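Undergrad: Here are the chains, one letter per residue:
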Amino acid sequence: MNWLFAPLSERRLIPGGGLRGATPWVIAIMVFVMIVVAAAGLALSNVAGLVARGVSQRYSIQLADGAGRQGVAVFAARSAPGVVAVRPVSPAEMRATLERWLGPAGASADLPLPAIIDLDLAPGADAAAVGRRIEAAVPGAHFVAHADSLAPLLTALKSLSWLAAALVLLVALANAAAVVLAARGALDTNRATIEVMHGIGATDRQVVRLFQRRIAIDALLGGVAGGVAAALALLVVLGTGSGWIAELAGGAALRAGDVLLLALLPFAVAVLATLVARSAVLTALRTNL
Amino acid sequence: MTGETAIVEFERVGLRYGTGGEVLRDLDFRLTAGSFYFLTGPSGAGKTSLLKLLYLAQRPTRGAIRLFGEELSTLARDAMPPLRRRIGVVFQDFRLVRHLSVFDNVALPLRIGGATDVEVEAPVREMLAWVGLADRASARPATLSGGEQQRVAIARAVIASPELIVADEPTGNVDAAMAQRILHLLTVMNRQGTTVVVATHDLSLIAATPGAQLIRLENGALTDPTGGLRNPAAGSFGPRR
Ligand SMILES: Nc1ncnc2c1ncn2[C@@H]1O[C@H](COP(=O)(O)OP(=O)(O)O)[C@@H](O)[C@H]1O
Ligand SMILES: [Mg+2]
Chain W
1 MNWLFAPLSE
11 RRLIPGGGLR
21 GATPWVIAIM
31 VFVMIVVAAA
41 GLALSNVAGL
51 VARGVSQRYS
61 IQLADGAGRQ
71 GVAVFAARSA
81 PGVVAVRPVS
91 PAEMRATLER
101 WLGPAGASAD
111 LPLPAIIDLD
121 LAPGADAAAV
131 GRRIEAAVPG
141 AHFVAHADSL
151 APLLTALKSL
161 SWLAAALVLL
171 VALANAAAVV
181 LAARGALDTN
191 RATIEVMHGI
201 GATDRQVVRL
211 FQRRIAIDAL
221 LGGVAGGVAA
231 ALALLVVLGT
241 GSGWIAELAG
251 GAALRAGDVL
261 LLALLPFAVA
271 VLATLVARSA
281 VLTALRTNL
Chain P
1001 MTGETAIVEF
1011 ERVGLRYGTG
1021 GEVLRDLDFR
1031 LTAGSFYFLT
1041 GPSGAGKTSL
1051 LKLLYLAQRP
1061 TRGAIRLFGE
1071 ELSTLARDAM
1081 PPLRRRIGVV
1091 FQDFRLVRHL
1101 SVFDNVALPL
1111 RIGGATDVEV
1121 EAPVREMLAW
1131 VGLADRASAR
1141 PATLSGGEQQ
1151 RVAIARAVIA
1161 SPELIVADEP
1171 TGNVDAAMAQ
1181 RILHLLTVMN
1191 RQGTTVVVAT
1201 HDLSLIAATP
1211 GAQLIRLENG
1221 ALTDPTGGLR
1231 NPAAGSFGPR
1241 R
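For the protein sequence lines, the chains are W and P, in the order given.
Numbering of the first sequence is given in this note's numbering, commencing with residue 1 and proceeding in unit increments.
Numbering of the second sequence is given in this note's numbering, commencing with residue 1001 and proceeding in unit increments.
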């Protein structure tokens, strides 16, 4: 720990030699943004995963006008290898659905009623073979994978979560840049003292040690402040919406591991800031003799 | 004298700042361990520049410098701090750390050398008593007179028992009595075996230091008509009256 923390008597050399001024606040804001964006990204990715898993083995047979041929289709489906469950959607259910879409007209008995049969395939089952078999047995039937119809939505969710990851990375970079600037500023403010120390035989490591402690503390304070603010914001947002998300996706938006990851972010940022500041100071010192 | 240890050897050393002309030219001399040297010459002759080479604040642009037997031109940057710790420097402008107390300023070389607060206490008190500043230990440099600051600078330069003391016009800003007092501190260190190099143009100081040798710089070159610096005979550069 000696490389990290100089003793008090040495620290007096650099009064307030940390990330003075606005830097802890900048770090706090950056950490706040990082955590919120990371949480959103993780939630999106989780929801996408849950939805994808929920529909991955689910298929439908659609018969546009074939309420009368539903029985044939059900029979064909039941006898197809790999099919573990067959659930014909009852005409009453279909009518209710149509009514929801078309209004009272949907309840009209004149309207030809389409038939839908939901199928669950066993994991690893040959969906294409099942489809061919059913489409051969029931002309005009359409065999549809639920995953296919959801694919655009899932792709969008995945893209959004990657975008969130990229944003977190960008904010981390901006944060590092802010810390480098602040460290250089601290170095400039204390240039005279550093020259004296070098002249007396101090090594770069001894000089950098003087800055490191304050920088680490300031970065940690900023990080924790941003983290607490982000936690409150997420509690409000997810607290009011999590029930809905869970219902929609069939699982929690954030898992314990995700929460742990988010909680570690402020500390990771503080460590990163300290290391970045350290290397910035060392690099700047190396330009002197 | 042959057989005496050279603590410093300059061989055809030249120094230029940036793209300017050479401010030091063809410096060829050796300093023997345990001697007392005055470096004289008019203002702008290059005294400070030569001292900077000595205390490793500058590298020569040509030539070779050996300090404590180490060749400086090929010395890695990381190897410099240990050498610097063997040199005590009294800067022309003192360079005291202004937000540190007198005590902490004097303690600095010991702390950089790794001493703990407890280990630092007694030597620093003793040193402050030696330079007559025992009662100013907690004062800030800015509240001290020029002579007092100069003595803090000297205390800081000698506290870690360096083998070489380099002082740049240490009596430039003080009256004659204080100048004698400061010179006395340096001669005491020299008598204990430390090599001392003092840049000054105060002839009365030189006259008051029998046995000291003279290095004279003019326009960046050594004026050493006797060649005594390359192989100095003891006392040959003593005061001329
Ligand atoms: N850092 C520097 N950059 C450029 N020129 C310098 C620098 N320091 C000194 N000089 C020049 O070098 C010459 C010698 O200066 P200096 O060594 O300070 O002489 P002295 O100490 O004898 O007065 C002067 O002409 C001065 O202007
Ligand atoms: Mg000078």
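Worth flagging that the hints you see were computed from the coordinates, not collected in a lab.
Since we're looking at a predicted model, the values are computed, not measured.
Ideal Cβ placement from N, Cα and C applies to all residues, glycine included.
Where hints are given, some of them may not hold.
[Unchecked claim] Covered stretches of chain P, going by a simulated chain W footprint (3 or more residues, C-beta under 8 Å):
1. 1052-1059
2. 1106-1117
[What the hints assert, rightly or not] Reference excerpt, derived from the structure (chain W facing chain P, CB under 8 Å, subset only):
3. Leu-13
4. Pro-15
5. Thr-193
6. Met-197
7. Gly-201
8. Ala-202
9. Thr-203
10. Gln-206
11. Val-276
12. Leu-289
Undergrad: Does each hint hold? Answer for all of them.
TA: Evaluated hints:
Coverage of the stretch 1052-1059 of chain P by chain W holds in this model, with 5 residues showing a Cβ closer than 8 Å to a Cβ of that chain against a need of three. Counting residues of the stretch 1106-1117 of chain P whose CB lies closer than 8 Å to any CB of chain W gives 8, so the stated coverage by that chain holds, three being the minimum. At about 6 Å, the closest approach between the beta carbon of W/Leu-13 and any beta carbon in chain P falls short of 8 Å, and the interface hint on this residue holds. Contact between W/Pro-15 and chain P, as hinted, is supported at the beta carbon level, the nearest pair being about 5 Å apart and thus within 8 Å.
A least Cβ separation of about 5 Å between W/Thr-193 and chain P falls short of the 8 Å threshold, and the interface hint therefore holds. Because the closest C-beta pair between W/Met-197 and chain P is about 7 Å apart, less than 8 Å, the hint holds. For W/Gly-201, the interface hint holds, since its Cβ comes within 8 Å of a Cβ in chain P; the closest pair sits about 4 Å apart. Annotation: interface hint on W/Ala-202 holds; nearest CB of chain P at approximately 5 Å, less than 8 Å.
Against a cut-off of 8 Å between C-beta atoms, the interface hint on W/Thr-203 holds, since the closest Cβ of chain P lies about 5 Å away. Interface restraint check for W/Gln-206: the shortest CB-CB distance to chain P comes to about 6 Å, inside 8 Å, so the restraint holds. Proximity of W/Val-276 to chain P is violated relative to the hint, the smallest CB-CB distance being about 22 Å (cut-off 8 Å). Interface hint at W/Leu-289: satisfied, since its Cβ lies 6 Å from the closest Cβ of chain P, which is below the 8 Å cut-off.
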